[in-house]
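> This is what each chain is made of:
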Amino acid sequence: MSSNKSGVLMSDEETKGLLSPLRRKLLMGMAALPAITMLPRASFAQAPATSAVNTTGLAVTDTEVTVGILHSATGTMAISETGSIEAEKLAIEQINAMGGVLGRKIKFIQEDGASDWPTFAEKAKKLLVNDKVAAIMGCWTSASRKAVLPVVEQYNGMLYYPTFYEGLEQSKNVIYTGQEATQQILAGLNWIAKEKGAKSFFFVGSDYIWPRTSNKIARKHVENVLKGKVVGEEYYPLGNTQFNSVINKIKLTKPDVIFTDVVGGSNVAFYKQLKAAGIDLSKQALLTISVTEDEIDGIGGENIAGAYACMKYFQSLDNPNNKTFVPAFKKMWGEKTVIGDVTQAAYLGPWLWKLTVEKAGSFDVDKIAAASPGVEFKGAPEGYVRIHENHHLWSKTRVGRAKLDGQFELIYETADLVEPDPFPKGYQ
Amino acid sequence: MFGDYSLGDLGSIFVMQGFAGLILFSVYVLMALGLAIIFGQMGVINMAHGEFMILGAYVTWMTSNFFQTYLPSLFSGYFFLAMILAFVASGALGMLVEWVLIRHLYKRPLDTLLATWGLSLILQQAFRSVFGAREVGVDLPQWMLGSLHVSESIEVPINGVFVMCLTVLITVGVAYVMYKSRWGRQVRAVVQNRIMAGAVGINTEKVDRYTYGLGCGIAGVAGSAFTMIGSTGPTSGQLYIVDTFLVVVFGGAASLLGTIASAFSISQTQSTLEFFMSGSMAKVLTLLAVVGILMLRPQGLFALKVRK
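These protein sequence lines are chains Z and U, in that order. Quick note on numbering: this note's numbering labels position 103 of the first sequence as 103, and the sequence is numbered without any gaps. Count along the second sequence from 1, add 1000, and you get the number used in this note's numbering.
Do not rely on the hints blindly, as some may be mistaken.
Stated by the list, open to error - Which residues of chain Z face chain U? A few of them, derived with a C-beta cut under 7 angstroms, are:
#1 G232
#2 Y235
#3 N244
#4 G298
#5 G300
#6 D366
#7 A370
What the hints assert, rightly or not - Cβ-Cβ distance ranges computed for the label pairs, FRET-style:
#8 Z:K146 / U:S1076: 47 to 53 angstroms
#9 U:V1242 / Z:G57: 43 to 49 angstroms
#10 U:Q1125 / Z:S282: 38 to 44 angstroms
#11 U:S1076 / Z:D280: 50 to 56 angstroms
#12 U:M1295 / Z:K146: 42 to 48 angstroms
#13 Z:N319 / U:L1110: 24 to 30 angstroms
#14 Z:D280 / U:M1295: 56 to 62 angstroms
#15 U:P1298 / Z:Q154: 44 to 50 angstroms
#16 Z:D280 / U:L1010: 21 to 27 angstroms
#17 U:L1285 / Z:N156: 35 to 41 angstroms
#18 Z:D280 / U:L1257: 55 to 61 angstroms
#19 Z:E153 / U:L1257: 39 to 45 angstroms
#20 Z:R386 / U:L1110: 56 to 62 angstroms
#21 U:L1285 / Z:R386: 27 to 33 angstroms
Since the hints were made in silico from the structure, they are not lab data. For every residue, glycine included, the Cβ atom is placed at its ideal position computed from N, Cα and C.
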């Protein structure tokens, strides 16, 4: 990738990582002593003094504040995470064009998690300990987040995590800008049960934590709330490319709805083979929680047209915020780029951080964590979001229908914001 | 689990499930053939096999784009040209790789594993830099989509039938080249005794290069065909490499028949198991069975009888 410059530069500094944390702290303390006397002079009229907004030694100067971007630019996950990197860079550029945060321009250091979870943890530590970044925008898979979580908690960092995920997690040091499972799934199931009179459901997923947890929640909802029946629940290994057997099972059980959370390259194989097996998605209802516009690029619009997707953002949303966001994104990253749900959620990260910093009047992580609940972002492309006490977002859930051109047509959206509930009672 | 279904339903499901198994069989043979030639005939462990397949897939994607832009009237037939181009591109790259890298490593077969693994990483990053990190969607002509209605409840995927025909064609072609043609005799002579083959006037270096090129070329065709059923992205090749090695090793290296027999038994086991249990469990049981059989018979199903 072209924009790895800062990452390369930083590698010189990695030698410093060899120093013990204690010695580092002592050195830093000593280095900071002479600075204290100089600080009052450095304060500007519009920007508050660095000493006031940064009491914990983060990488904040009078003119700049450094944040980290931590995604996979290489490896399997680069397919998915590229969009997030692009969105975060766009948000940072826009914030800087508006004057930055507390009078300081945002500078970012991009690190590559390389689709490898231990690498994510190591790079997160590097960003927090060596670079002293004020916040990290990053991670995509749950596995990478789980690897990074102990690091951001130990070194007291702030992570803005963009992906819709399985829930069952909450941390002072993480803001979850995507939906957790109940937010994403329940409204969609309610809608399809009402709209299509669906009673029987067939679940197909990739075999790892997110689909399994999501399907568990979906099953409870179908059986206990909708009084329907789950006629099949199937998992395939990540990267599986042959789905003919499960498609035959679907044909045999004739479910009202196929509910899928197949991810990655498997997605492409699944929809191509579904189409080839003569299952017509304009007649057979299919509800997916894993296919965004990004995935359709690889699947091909003609293979998935007619399927319903349930998430919080579609590129085709018709609201003023989105009408400025989409052209700005395309201007920066090319006319052909598509914007999926997670890309939009990643775009929220830098903005929510900026708004929280301004609310707290400080870059200190503890103050940001405390100030986060209640922060609202009225310029979100999805409409309006607000941070909940539990560090997830209040957001609307929407159902879209895939069209031939690879875009979704908005079919349904919840009237109100859906409350995030990462530890849902009765669903575990 | 069958109590609720009518006999007719069950009958058609068994027919379709049979087809699913046959399609899986063809896919396995197609992806393993190239590797079997290289591993079997040359003893080179080609970890970059998946990336040669994906090169074929990207060539198909570019051909499809070209036809859509410049020759939309001929779009329905582009796939055949794309497969030929995929063969040429992957084959040519294979020959180049053999010349630059592999020929220096014939005496150190284990090092080829490391070298080709490195090559696979290089190729992945090259795809990513050239074509972008996102997957690309390959548009197929209308006649290759959808399914054939055999009866009310039996539907056969057209792309599956296409892959089956292609597999038969290529297998017959490879068998002919290997066992009937003059060049195939030379290849087998080099495999059996390199020094003697050289002594009777066979250009062993040239034979090696073309064998490697042929293996990679077939991988390219396989990759081209798999754009119908799978994804095309920089790392998609990794999805196939494990199954490919499984088929080749289980079949016994150096045996075309072994590869086919092994592809057949693995695909049928897996497809049958998949129907009765979840996909992940089916995979686990299939792998366990393969491991068990390989413990009893380390040389694989079919092994070349050679004097040790």
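> Confirm or reject each hint.
Status of the hints after comparison with the structure:
1. For Z:G232, the interface hint is violated, since its Cβ never comes within 7 angstroms of a Cβ in chain U; the closest pair sits about 9 angstroms apart.
2. With a least beta-carbon distance of about 5 angstroms to chain U, the hint placing Z:Y235 at the interface is held under the 7 angstroms criterion.
3. Look at Z:N244: its Cβ gets to within about 3 angstroms of chain U, closer than 7 angstroms, so that hint holds up.
4. Annotation: interface hint on Z:G298 holds; nearest CB of chain U at approximately 3 angstroms, less than 7 angstroms.
5. For the restraint placing Z:G300 at the interface with chain U, the shortest Cβ-Cβ distance is roughly 4 angstroms, inside the 7 angstroms limit, so the hint holds.
6. About 36 angstroms separates the beta-carbon of Z:D366 from the nearest beta-carbon of chain U, more than 7 angstroms, and the hint is not met.
7. Residue-level restraint check for Z:A370 is violated (minimum Cβ-Cβ distance to chain U is 37 angstroms; threshold 7 angstroms).
8. In this structure the supplied range 47 to 53 angstroms holds for Z:K146 paired with U:S1076, their Cβ-Cβ distance being about 48 angstroms.
9. Checked against the given bound of 43 to 49 angstroms, the beta carbons of U:V1242 and Z:G57, roughly 47 angstroms apart, stay inside it.
10. Checked against the hint of 38 to 44 angstroms, the C-beta distance between U:Q1125 and Z:S282 comes to roughly 40 angstroms, which is consistent with it.
11. In this structure the hint that U:S1076 and Z:D280 lie 50 to 56 angstroms apart at CB is violated, the actual value being about 22 angstroms.
12. Hint check: U:M1295 to Z:K146, Cβ distance near 35 angstroms, so the stated range 42 to 48 angstroms is violated.
13. Range check, Z:N319 to U:L1110: about 60 angstroms between beta-carbon atoms, so the 24 to 30 angstroms window is missed.
14. Our hint of 56 to 62 angstroms for Z:D280 and U:M1295 is violated, since their Cβ atoms are close to 47 angstroms apart.
15. At about 48 angstroms, the CB distance of U:P1298 to Z:Q154 agrees with the hint of 44 to 50 angstroms.
16. Range check, Z:D280 to U:L1010: about 23 angstroms between beta-carbon atoms, so the 21 to 27 angstroms window is met.
17. A C-beta distance of roughly 47 angstroms is found between U:L1285 and Z:N156, which places it outside the suggested range of 35 to 41 angstroms.
18. For Z:D280 paired with U:L1257, a C-beta distance near 41 angstroms fails the hint of 55 to 61 angstroms.
19. Range check, Z:E153 to U:L1257: Cβ separation about 58 angstroms, and the 39 to 45 angstroms hint is violated.
20. Separated by about 59 angstroms at the C-beta atoms, Z:R386 and U:L1110 satisfy the suggested range of 56 to 62 angstroms.
21. The beta-carbon spacing between U:L1285 and Z:R386, approximately 49 angstroms, falls outside the hinted interval of 27 to 33 angstroms.
In the structure shown, a violation is registered for the earlier hints numbered 1, 6, 7, 11, 12, 13, 14, 17, 18, 19, 21, in ascending order.
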